[in-house]
Amino acid sequence: MADNKESGHKGPLSIHIPEPPGRPGDKPDFSHIKIPKAGETRCPDLDTKAEDMRDMAYSIVRVLDRKGNAVGPWAEYLGDDLTDETLLRGLKDMMVTRAFDQRMQTAQRQGKTSFYVQCTGEEAIATGFQRMMRPGDMNFPTYRQQGLLIAAECPLIDMMNQIYSNEKDPLDGKQLPALYSFKDHGFFTISGNLGTQYVQAVGWAMASAISGDDKISSAWIGDGSTAETDFHSGMLFASVYKPPVVLNIVNNQWAISSSNAIAGSQNTTFAARALGYGFPSIRVDGNDYLAVLAASKWATERARRNLGPTLIEWVTYRVAAHSTSDDPTAYRPQTESDAWPLGDPIERLKLHLIANSDWTEERHTQAKAEIESEIIRIQKEAESHGTLNKGHGPDAEMMFEGVYKEMPEHLVRQRIEFEKQGLEG
Amino acid sequence: MARMTMIEAIRDAMDVKMGQDEDVVVFGEDVGYFGGVFRCTHGLQAKYGKERCFDAPINESAIVGAGIGMATYGKRPCIEIQFADYVLPAYDQIVSEAARMRHRSNGEFTCPMVVRMPTGGGIFGGQTHSQSPEAIFTHVSGLKTVIPSNPYDAKGLLIAAIEDDDPVIFLEPKRLYNGPFDGHHELAVTPWSKHEKGEVPEGHYTVPIGKAQIVREGSDVTILAYGTMVFVAEAAAREQGIDAEVIDLRSLLPLDLETIQKSVEKTGRCVVVHEATLTSGFGAELAALVQQHCFYSLEAPVKRVAGWDTPYPHAQEWDYFPGPKRVGAALKATLEAK
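Residue numbers (UniProt numbering), protein chains in the order written: chain E, 1 to 425; chain F, 1 to 338.
Derived by calculation from the structure, the hints in this document are not laboratory data. Everything numeric in this text was worked out from a predicted model, so none of it was measured. By construction, the Cβ of each residue, glycine as well, lies at the ideal position given by its N, Cα and C atoms. Some hints here could point you the wrong way.
Now the stretches of chain E that chain F is said to cover, found in silico as 3 or more residues with beta-carbon under 8 Å [to be verified]:
| hint | segment |
| --- | --- |
| 1 | 82-96 |
| 2 | 278-290 |
Chain E side only, calculated, beta carbon under 8 Å to chain F, not exhaustive [stated by the list, open to error]:
| hint | residue |
| --- | --- |
| 3 | I17 |
| 4 | Q110 |
| 5 | T189 |
| 6 | G224 |
| 7 | A227 |
| 8 | T229 |
| 9 | S257 |
| 10 | A263 |
| 11 | N389 |
| 12 | G391 |
| 13 | H392 |
| 14 | G393 |
| 15 | A396 |
| 16 | M399 |
| 17 | Q414 |
| 18 | Q421 |
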């Protein structure tokens, strides 16, 4: 048996394999997440140096208290942005996102599409953040930021047509469902590979700044994907060049079956990743729509004032499966999402609006029904253009288009060969 | 002898080796508690402990890099990349490090590591879950690249790969995990339990790396195929009523040139089939070798059937996939060529 006398360690060496707080059959346990009271975390000035706000990477910015009141310095910072109109819009955006997800999840189960990714429980983050983006700014999203598009008023029919790979699919069937590209809505083409686009968002922001433009960008990544090298590359370039970018980490606790402990969360926070790079970082309650608005305003304002990058860790929970290909009952406690201490973003904003405006339970129920019937109406329209398993999809020849600007000769030959075979068939 | 799916056969190979050799270590994304997104490592952590089978952070470069570190220490890592499409961040570690370790240290350091990854399309996975990257590995000196087409070969080849003293890229055609697939996507899949090649012996056995297998004897044309395309090629020959000899290469590098040469010398014609894109694909290497070694036996140009030179499309999957119709047309054209 090894005996390391110098260190005083007796016995053999060992490695540490992190475990999540619970597996199927266990009682859910989130006691490792320290949650400050709403309103307790300070709101630093926009030009605060990273070294003077290191505490922000370990706390959690929260605005809504348990009774639904907006409290503390971040509520004050929102100022004129905190209107009933804004919040009702936010509530609607989140409700649309959730209803859209439910319909598309069901459509996948019915074979109308091959794949779908829900963002249940995380709706506040993307829908709230988008309120602080302006036309011309660019999000570099993951596949779980459909809320950005919905808040940017991207027509739902266009999104559904893409999901169905039908004859109106704006991407002509080339890309996986829900891996949208909507440049006009500030939504970069989603790769599907993990983390690759984090550093691209930084480069986009550098280009805006080099060009003397006023556009900003935002990068998106999940807790699991912060493990990818490209995340660190993006952080490095952001640190070196200080471009106008907001770097978002959506910490929803799970990366398929791997808890965020496997991405290195046990000894620190994801927000603290920025401290080594020396730029400001804040950790925010991602299920608190008002906190999302406030933190998004703070970080985008910093970018617009040329104060450089900001990292935001959104603390949230992935209520749904990773995707339609996943079954989380195989690896996490079944009731874990019920035990999530930061609640449901829609319920929390609803509580706030009922307590502070003329919003009522009845109006909420009515709005939910209206949203659902409107989505069903749009869905029927989308399905009239076909679905993956029915109707006329995009032309098969479209797969040869757009590989290059001008089709090279070898590809022309292949397309002709393809067409000839079709005729012979 | 039990009937197994390809997933079970792959798991059984790791189980056999982990039981025999405590230096065999298995890790990758979601492979620990959950047992992998395709369940190839299911139960291994419970059986052999967390230090023998564990989850890795989502960083393919680190997974391979750490694997190299372990292999050079003396372990035998058998690591999983969740999809072959995700291996590219690890390409530097594979090409510049694992593949050259033995050569550049003149044998002082070696890298007995297996990198497993699901390859190929047919599951509506779009451009990020469908690619066939074998040629980017066969192009690299110092790597071995194998690709089984059935449960028996999968187990035997994986055991051989784990026992091999050089790095082995182990490609698993994901469309074959649960049953043979001949490209007729409109038909129900035959499960491996109803297919003779689902027969997998218990315990230890190997399928030698570098040996092809003639899976259908014939005299008019040789089809060189591997992975999913073995079944597509057989179906094409059957449906066209062509007396084709189908060779399942199983190992791309090292390659069983002897079996290929004997067959082409007999048939005088050769069609190469793969799912990967055509240009600079492994088929180009095969065509060149056949041309070089069988030139005086050839009665027609060597024909290649492959994926079109485009990213793997989502909705047009079956227009892209080189199915039995395309292979059949190539066979006919090759037989008619004067």
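Now the hints, each set against the structure:
no.: 1; hint: 82-96; in the structure: violated (count 0)
no.: 2; hint: 278-290; in the structure: violated (count 0)
no.: 3; hint: I17; in the structure: holds, 4 Å
no.: 4; hint: Q110; in the structure: violated, 15 Å
no.: 5; hint: T189; in the structure: violated, 11 Å
no.: 6; hint: G224; in the structure: holds, 5 Å
no.: 7; hint: A227; in the structure: holds, 3 Å
no.: 8; hint: T229; in the structure: holds, 6 Å
no.: 9; hint: S257; in the structure: holds, 3 Å
no.: 10; hint: A263; in the structure: holds, 5 Å
no.: 11; hint: N389; in the structure: violated, 10 Å
no.: 12; hint: G391; in the structure: violated, 11 Å
no.: 13; hint: H392; in the structure: violated, 11 Å
no.: 14; hint: G393; in the structure: holds, 5 Å
no.: 15; hint: A396; in the structure: holds, 4 Å
no.: 16; hint: M399; in the structure: holds, 4 Å
no.: 17; hint: Q414; in the structure: holds, 5 Å
no.: 18; hint: Q421; in the structure: holds, 6 Å
Checked against the numbered hints listed earlier, the structure breaks hints 1, 2, 4, 5, 11, 12 and 13; every other hint is satisfied.
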